[in-house]
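**Student:** From first to last, the protein sequence lines are chains X and E.
Letter by letter, the first sequence follows residues 0 to 204 of numbering that gives the first Met the number 0.
Letter by letter, the second sequence follows residues 0 to 204 of numbering that gives the first Met the number 0.
Quick caveat, the hints were computed from the structure, so don't treat them as lab data.
Don't take each hint at face value.
Note that identical chains are pooled: a pair holds if it fits in a single copy or bridges any two copies.
Lysine-lysine pairs mimicking DSBU-like chemistry, simulated, CA-CA at most 35 Å apart [claimed, not checked]:
id	residue 1	residue 2
1	K132	K163
2	K132	K121
3	K121	K28
4	K163	K121
5	K28	K163
6	K28	K132
From a predicted model like this one, the values you see are computed outputs, not experimental measurements.
2 protein chains.
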Amino acid sequence: MPQVAVVTFDGFNELDSFIASAIINRCRKDGLEAFITTPTPVVTSMNGVEVTGQRPMSFVAEADVVLIGSGVQAREIAADDEMLARLVLDPSRQLIGSQCSGALVLAAHGTLGAMPACTDIKTRPFLEARGVKVLDVPFHAEGNIATAGGCLASQYLAAWTITKILGEDAARAVIDYVAPYGENEETVERAMRAISETPAMVAGP
Amino acid sequence: MPQVAVVTFDGFNELDSFIASAIINRCRKDGLEAFITTPTPVVTSMNGVEVTGQRPMSFVAEADVVLIGSGVQAREIAADDEMLARLVLDPSRQLIGSQCSGALVLAAHGTLGAMPACTDIKTRPFLEARGVKVLDVPFHAEGNIATAGGCLASQYLAAWTITKILGEDAARAVIDYVAPYGENEETVERAMRAISETPAMVAGP
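Input sequences plus hints: build the corresponding full structure.
**Tutor:** Structure follows, in structure tokens:
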């Protein structure tokens, strides 16, 4: 059963970790499961919510998908060599994604390489300072690596993960389920449009 | 400082409690604050995530806003007189809202009265069995009481709360901040449209 590590640090943004994990976990019956993965047994969100990790950091090396959440400590984590060493990533075997400031962690880890990335407006200058080209779109993927920007774009990171593992129909069904009632079709189409490859945007200014 | 209780039971849906609380908490600097409010010191989500409550159930009586989250145990809670008695609600003084199956709890509590409600597709028949008219829209409010349906409609419940307490400009700024990058304007307009009074829809079939 493919397993997803949603990496969640102290100071995390609840939107970024929980939208992705909860949407992906709608696929548990189809064999795809997400776990809140934390460097310490308990982490505290940017709003003071204490959450017990479901998996330790060592789970990252075993997971089929690793999604790096966002939070107020992303810059510190991106500068913490010990923490980065605990993130054992293998893009040849794993799907890897970041949400908002999680892109800083992927950049520091060397995972982004030369690919452009999506992030939030506050993280943008710090990512650009690392030489990463930041796109004016909420989602961008190249091969096995994806980045999303803006808290609510975490639904796109989830849709991409489900599409890659279970196919587009599964992703459409899940987004349809979580959509605001009566806004199902527009919500599904928006998500599928966001995660489809858009080379024109990548080449743009 | 106005305080929001996001009532969160065992078996809760992370999307429903955390989208509302995290969006509202973007207003902490403006004096509006949300707390995960739980009947036991720790609650476990429908996906096995253990969260420590930030406030006990007695906080509901003091809060300025009470939002009832959703989860897999809503029907049991709606039938649990002892639990309902712990939910001390006063719509004359408080803003009260429900997300998805939270509407069942409000209906059982007698808070909805004769107003129609929004909920999710799975809860709909159970709410209708209680004599509540269910609307084909993601959000409906009358006075101090609001209901939202479909997990991602919890952003509308947050936008309504912020609008009621801090005004429309504050709600627009927060939804703009959490929107998918580059989809800011459409996300803000969609939310403000969803929470604006739409009597035509209420009168509809």
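**Student:** Does each hint hold? Answer for all of them.
**Tutor:** Hint check:
no.	hint	result
1	K132 - K163	within (24 Å within a copy, 39 Å between copies)
2	K132 - K121	within (15 Å within a copy, 43 Å between copies)
3	K121 - K28	between (37 Å within a copy, 17 Å between copies)
4	K163 - K121	both (29 Å within a copy, 27 Å between copies)
5	K28 - K163	within (17 Å within a copy, 40 Å between copies)
6	K28 - K132	between (38 Å within a copy, 32 Å between copies)
Every hint, counting from the list given before, is met by this structure.
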